[in-house]
Amino acid sequence: MKFASEFRDPKAAKVLLAEIAKVADQIGATKEKPVHIMEVCGGHTHSIFRYGLDKLVHEGIEFIHGPGCPVCVLPRARVDECIEIAERLGVIFTTFGDAMRVPGTKKSLLQAKADGADIRMVYSPLDALELARRNPEREVVFFGLGFETTTPSTALAIQQAAREGLGNFSVFCNHITVPEPIKALLDDPHMCLDGFIGPGHVSMVIGIHPYDFIAQDYGKPIAVAGFEPLDLLQSVLMVLRQIAEGRAEVENQYARVVPEHGNSVSLAAIDDVYETRPSFEWRGLGEIDKSGLRIRAQYEAYDAEEKFGIGYAAGRREVEEAEGCACGQVMTGRMKPVECPQFGRGCTPEMPLGALMVSSEGACAAYWQYGGARAVEPAE
Amino acid sequence: MCLGIPGQIVAITDETRQMAMAEVSGVRREVNVACVAEGALEGLVGQWALIHVGFAMSLIDEDEAEKTLIALRDLGEAQEALEQMAAGDAALAGE
Numbered sequence: 001m002k003f004a005s006e007f008r009d010p011k012a013a014k015v016l017l018a019e020i021a022k023v024a025d026q027i028g029a030t031k032e033k034p035v036h037i038m039e040v041c042g043g044h045t046h047s048i049f050r051y052g053l054d055k056l057v058h059e060g061i062e063f064i065h066g067p068g069c070p071v072c073v074l075p076r077a078r079v080d081e082c083i084e085i086a087e088r089l090g091v092i093f094t095t096f097g098d099a100m101r102v103p104g105t106k107k108s109l110l111q112a113k114a115d116g117a118d119i120r121m122v123y124s125p126l127d128a129l130e131l132a133r134r135n136p137e138r139e140v141v142f143f144g145l146g147f148e149t150t151t152p153s154t155a156l157a158i159q160q161a162a163r164e165g166l167g168n169f170s171v172f173c174n175h176i177t178v179p180e181p182i183k184a185l186l187d188d189p190h191m192c193l194d195g196f197i198g199p200g201h202v203s204m205v206i207g208i209h210p211y212d213f214i215a216q217d218y219g220k221p222i223a224v225a226g227f228e229p230l231d232l233l234q235s236v237l238m239v240l241r242q243i244a245e246g247r248a249e250v251e252n253q254y255a256r257v258v259p260e261h262g263n264s265v266s267l268a269a270i271d272d273v274y275e276t277r278p279s280f281e282w283r284g285l286g287e288i289d290k291s292g293l294r295i296r297a298q299y300e301a302y303d304a305e306e307k308f309g310i311g312y313a314a315g316r317r318e319v320e321e322a323e324g325c326a327c328g329q330v331m332t333g334r335m336k337p338v339e340c341p342q343f344g345r346g347c348t349p350e351m352p353l354g355a356l357m358v359s360s361e362g363a364c365a366a367y368w369q370y371g372g373a374r375a376v377e378p379a380e
Numbered sequence: 001m002c003l004g005i006p007g008q009i010v011a012i013t014d015e016t017r018q019m020a021m022a023e024v025s026g027v028r029r030e031v032n033v034a035c036v037a038e039g040a041l042e043g044l045v046g047q048w049a050l051i052h053v054g055f056a057m058s059l060i061d062e063d064e065a066e067k068t069l070i071a072l073r074d075l076g077e078a079q080e081a082l083e084q085m086a087a088g089d090a091a092l093a094g095e
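As given, the protein sequences belong to chains A and B, one line each in that order.
All residue numbers for the first sequence refer to my numbering, where the first residue is 1 and numbers rise by one.
All residue numbers for the second sequence refer to my numbering, where the first residue is 1 and numbers rise by one.
No lab work stands behind these hints: they were computed from the structure.
The beta carbon of each residue, even a glycine, is placed where N, CA and C say it ideally should be.
Wrong hints could be hidden among the right ones.
[What the hints assert, rightly or not] Chain A regions said to be covered by chain B (calculated; three or more residues, Cβ under 8 Å): (1) 113-125; (2) 260-269.
[As the list claims (entries may be wrong)] Straight-line C-alpha distance at most 30 Å; calculated DSSO-like pairs for lysine-lysine: (3) A/Lys11 to A/Lys31; (4) A/Lys336 to A/Lys107; (5) A/Lys336 to A/Lys55; (6) A/Lys11 to B/Lys67; (7) B/Lys67 to A/Lys22; (8) B/Lys67 to A/Lys55; (9) B/Lys67 to A/Lys14; (10) A/Lys55 to A/Lys183.
With the rest of the complex left out, here is chain B (with noise of 0.2 Å):
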């Protein structure tokens, strides 16, 4: 549970509580940027990060992003990942 996944920031959407969009393997998710946020938060539109639990916790370059992604896919953690934000939204949901 304590792996990132790449995600890659596409919008902001939430100025004052820091938050943004996030792209991560093809789904979107909104995720707190605080932790990168240094200066403007449109900065970090189009910037790569690693998400875990909702929070971009890092910023890392694509290529890094990339390589990351293809190990995670490959320990079964990529789609974990993506199992846990569909979970989260059916909790939302009332599921």
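Same shape as in the complex, but just chain A (with noise of 0.2 Å):
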């Protein structure tokens, strides 16, 4: 347990630890035949790594990287649309700094803004606004981009914009949905998965219902969860028990920060300013029905699609990932980070081939950082 000591309360860890260890061997968990536990989301891929969760844990329990870090399922074409955007005269392309390095066909934004477009990092929608408000003579994009958390602040946006009446702000909406890509995971026969971790700041936002369908209609078990080590732990006590009882229920482990029902304000901006696309694509898992937002046309002013004619507006662009890039096979869990043919050698931090290698919260990137590194360096 070299890794426990790292933990603020190292007794309660050893305490959890153990008791999955109990349950674990309770249900016959083994490493041959381990139950498969997918985190849906990139932060808490991010703490697996950082504590060495996925070391720590019994033998028996497997953690499936899921597709929850939306810079990671952000599909090249949609890269090369905001670069096509941002290279237009007289607009200032903003975006969150997560987004700056995921490489498009043939560059990433941060490539293009070395090329002379003029694309700044914001840290909030509402920096872009401000943008737009200093300079009338400019149009100011925001590239939205993230799951149910980001998703009410670019509404909150566009509701503001709309309420002054700034002509020269738009979104270019990507926004993406949670629960949908769970669905598709769960319905596709090649993937094997016995329980959900739950994404925590999402469901701030959305509260725990929407994941009802998991439990209700495919009978697996689900615990929402904080962020921290202990929280990740309880949390998979929790699914291991449940599936030890036989049962499947949505359980709220994160409930200091999550209210069942989730955060109306944010909800009723989201219902008001965005609705469901019929399809969306996703790198790596390809188009899932109902899984991203556009714009509603009530809205059509702030739309970026519909202002520039790009994107879904202008139809389905086909974009082949780079060669090699085995970033689908390691979010549906077929392949580790490690067995991919380009981990290491073509793709890496510094020069990344894959999304899953850009952001932090990316599985690659995690075992690069912590560790997985090691794996690819040739043998003395």
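Two independent chains are provided; combine them into the complex using the hints.
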């Protein structure tokens, strides 16, 4: 337990680990026949590697790293479209920093910025709004990206722009939702998932009931979890206990932050500004029905897709992923990052080939940062 | 990018736009408080909230705020959030 000393409460961690081991043995989980638990959120993936939880828990538990990092599931076509917008005359393109290094077909936003496009990293969509106010002669476009945690902030910014009648602000909306890809994974006959750790901050917005289908329709347990190592261990235990007792429920380990029914102001803003797209493309997962949001016609003036005739408004564009990139297989748990032929060779955090290496929440970057890099060092 | 960082609301700056000043890990940043506003905004002063991309998303107690900050520091997320705030300031300055 070399990592246990890093826990603020190592005693509590040891008790939880022992209890996890007891229940894992009880249900017959072994290294050869493990229980597969998917942590949906990239923040959880990062925590699991940071604290070495995958090595600390009973060997019969295998974490499958889910698709819950919006940067990681961003197709190259979307990056290309961002660059197309950014390179138009008079545009200030604003984005969260996470998306800057994601490779497009020819370049990343960072490279486009170096080539002269006015691309600015902002902390908040409100920064983009402020830029629009300060630069009335320029078109300010905000790259709306993220799951339900981030979605309300863009919605509230659009509502504010509408109240002010700002004519030079728009959002390139690529917001995505958590429940639908989980459903897609559960419907995949190749997937073997026994339970889920639900995303904490997404659930702070949407509550826990959007996951009811996981328990009710698919008979799988899920525990919504916080981000501390003890939160995650407790959630693993909650999932295991459900399996042991033959239950499938949505449990809330993170009740101190996650209200059962979510945040009403956020949900109202999302509902007012967005509608569900018929389908949306995910890197590695393909098109998933009803998994993306678009801006409602009422707010069309703030929709960069309509304003610039780009994205889904211009029809679907086919863009192949980089050759040899196995992000898709890694994201669906079919391959470990170190099994990807490009891991640490053609793909490193400095020169990422795939998105899972770009974001610190991506499984490949987490593997690399917390010891996985050793796996590709040449033997002495 | 979906993690929030705890901040303490120290003043209301624009009642109409529901904006407040929050202190996040020693750095002051204007944030929107629409998602946590119930009743008079002044009641929020002194309270702790999880701040995500410039929006207070959920009120939390001080003890939770402290624990979350430690966890985020361990993960490097607190520093990342502060760097993103600085990047936002730079973007507004035209950089």
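Now for the hints, and whether the structure bears them out:
1. With 6 residues having a Cβ less than 8 Å from any Cβ of chain B, the region 113-125 of chain A passes the three-residue criterion, so the hint holds.
2. With 4 residues bearing a CB less than 8 Å from a CB of chain B, the region 260-269 of chain A meets the requirement of three and the coverage assertion stands.
3. Of the pairs offered as hints, the one joining A/Lys11 and A/Lys31 holds, with about 25 Å between alpha carbons and a cut-off of 30 Å not exceeded.
4. Between A/Lys336 and A/Lys107 the alpha-carbon distance is near 27 Å, which keeps this suggested pair within the 30 Å criterion.
5. Restraint check: the Cα-Cα separation between A/Lys336 and A/Lys55 comes to about 14 Å, which is no more than 30 Å; the hinted pair holds.
6. Taking the CA atoms of A/Lys11 and B/Lys67, the gap is about 17 Å. The hint holds against a cut of 30 Å.
7. Annotation: proposed proximity of B/Lys67 to A/Lys22 holds, straight-line Cα distance about 28 Å (limit 30 Å).
8. Proximity of B/Lys67 to A/Lys55 is assessed by CA-CA distance (about 24 Å); at most 30 Å being required, the pair is judged to hold.
9. Note on B/Lys67 and A/Lys14: the hinted pairing holds, with a Cα-Cα distance of about 19 Å set against a maximum of 30 Å.
10. With a CA separation close to 28 Å, the supplied pair A/Lys55 and A/Lys183 stays within the 30 Å bound.
The structure agrees with every numbered hint stated previously.
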